[in-house]
Amino acid sequence: MNALLLTAVFGVIMMLSSFLLTSKTAIRGLAVSGMVIVLAANVLEMMGIVFFKIDTKDMIAFDRFSLLFNSIVFISTLVYFLLSARDMEKVGINYGEYFALIFFVLCGVTLSSSFHSLLILFLGIEIISIPLYILTGSDKRNLKSNEASLKYFLLGAFSTGLMLMGIALIYGATGTFSTNGITTSPTSALVIAGMLLLMFSMAFKVSAAPFHFWTPDVYDGAPTVFTSFMATIVKVAAFIAFMRLFNDEFGSLQSRWQLLIALITAITLFIGNITAVFQQSVKRMLAYSSISQAGFMMMAIFAMNADAREGLLLYSAAYCLATIGIFAVLMKLKDYSFDGFNAFAKQQPLLAATTTIFLLSLAGIPLTAGFLSKFWMIKAVAGTGKYLWLVIFAVLMAVVSVYYYFRVIQAMYFKEGDGQTIEASLPFKWTLVLLAGIIVLLGVFPNWIIYWLYF
Amino acid sequence: MSSVPMSHILFVSTALFFIGMYGLFTRRNMITMLMAIELILNSVNINFVVFNKYLYPDKLDGIFFTIFIITIAAAEAAVAIAIIINLYRSHRSIDVENASEMKW
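As they're listed, the protein sequences go chains U and L. The numbering of the first sequence is the working numbering, which starts it at 158 and goes up by one. The numbering of the second sequence is the working numbering, which starts it at -5 and goes up by one.
It is worth saying that the hints were derived from the structure and are not from the lab. Where hints are given, some of them may not hold.
Cut-off 16 Å, straight-line C-alpha distance, at most; resulting in silico cross-link-like pairs (EDC-like, lysine to aspartate or glutamate) [to be verified]:
(1) U/Lys308 <-> L/Glu91
(2) U/Lys489 <-> U/Glu246
(3) U/Lys210 <-> U/Asp244
(4) U/Lys308 <-> L/Asp55
(5) U/Lys491 <-> U/Glu254
(6) U/Lys301 <-> L/Glu91
(7) U/Lys214 <-> L/Asp55
(8) U/Lys181 <-> U/Glu254
(9) U/Lys536 <-> U/Asp492
(10) U/Lys503 <-> U/Asp405
(11) U/Lys297 <-> U/Glu246
Please build the complete structure, drawing on both the sequences and the hints.
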């Protein structure tokens, strides 16, 4: 509850700051300190100190899982602000408003990670989506940005329509919005139809195949700073909402949806990895890589056991931190193609080394957080004892993903070129080193996150 | 009061839903596509009100949900119009076929 109210309040404060504060440094400082306060308030709530006691009529449930996830999201956003806030100045003149919109998105993330009613799920997903349509189109003179925001809006509104129809059908069958699980037996056709519609709309939001086709265009067209935010924090928030929905509401129907989710997972892994191999631009490659990582996270939805819950939290931390780091480096470059990274290591050895750690983590090499999170996912699926072909397929696809991540490393270290001159400040470099350190440490001590789920 | 059977009203709302879906997929004018999205949302509104009135008349859950949908739809329409105006400034047209900088 702390984080929910504070993010909304800070959204309004940032909106006011855009005309009360003239200096961009002051706006940035305000945003970073706001983020620290939100994070601190959320950690205090995990310790049991709640500032605001509001009776939500059991529509919102802040349990350990959602609070821990919120903390991971706020830490990722803080890192994102520290690394990339300076690059937002290049997008346009409305500097304060960008932070305001990001705080509103975080408010939606808090709602959709802790809903206990389908109404709150709908509101959370919409509060995430509407500011994102604006952020996608915020580079107003850029044709690609305009087009990306149009596509994102049309498909987002369509999937919202599907979700609402699903909620309406479930309401018709059960007469309630609270997600206490479907108990009526035999299961009526209304419930099955509503469940399918909700599944499809959530698959849209997490960009799982065959509903992924908007992702590359939108991620490619949006300003790179905001792609970094969309591809990481928003995507894992949609996954948490997906998991809560299918755990709480449709948990009793698991045998009915498990095969369908397994198929979606396999198709997502296949399309994401195979298409990423053929990309020429690193930004577009990262968009496809986010689809393939979504495939791995779908395995948690499939398995839906204790391992899956731990694994999804670990995965969201590993994926968010590594991708934010890569995007922060990518933003400094002018040429986004693979050749743009040629001889990068000679020019910026420190940045190249940290980028290598991020890429290794995404590929799932041992000693990084990415390896353990993939391991947890595979363990969760193997723990269900069914559909073992999915495990084998996922491992094969992880091998394919190594190819396109290592292409960047190869370009940085082994190719000759006239490396682009980029300027990186000292604090920027140290933040990246710290981030790489966190990723390696999480790869050795995953219990630092998982412990908080149970203590 | 309940002289109209529920199935009739559900038929209307389902028809509206699919008309909206058809419009969204076939029309290429952005304003028309926006109207199609509004049709989809409004068909869901009808569904909520009907389920509430005929099946669960003791509580007002469905009607409250409808109010939220109307609010969100208004916010969405405002953002959509802003996006369309922005695109019109650069393309001088509101046909989605002209917005093809990137290939699908």
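Consistency of the hints with the structure:
1. U/Lys308 <-> L/Glu91: It holds: about 12 Å lies between the C-alpha atoms, which stays within 16 Å.
2. U/Lys489 <-> U/Glu246: OK: U/Lys489 and U/Glu246 at ~13 Å, within 16 Å.
3. U/Lys210 <-> U/Asp244: With a Cα-Cα distance of about 38 Å, the restraint between U/Lys210 and U/Asp244 is violated, given a limit of 16 Å.
4. U/Lys308 <-> L/Asp55: 33 Å, violated
5. U/Lys491 <-> U/Glu254: 25 Å, violated
6. U/Lys301 <-> L/Glu91: This hinted pair holds, its Cα atoms lying about 14 Å apart.
7. U/Lys214 <-> L/Asp55: The hint holds at about 13 Å.
8. U/Lys181 <-> U/Glu254: 12 Å, holds
9. U/Lys536 <-> U/Asp492: 40 Å, violated
10. U/Lys503 <-> U/Asp405: 52 Å, violated
11. U/Lys297 <-> U/Glu246: Measuring from Cα to Cα gives roughly 14 Å; hence the hint holds.
In summary, the numbered hints that this structure violates are 3, 4, 5, 9, 10.
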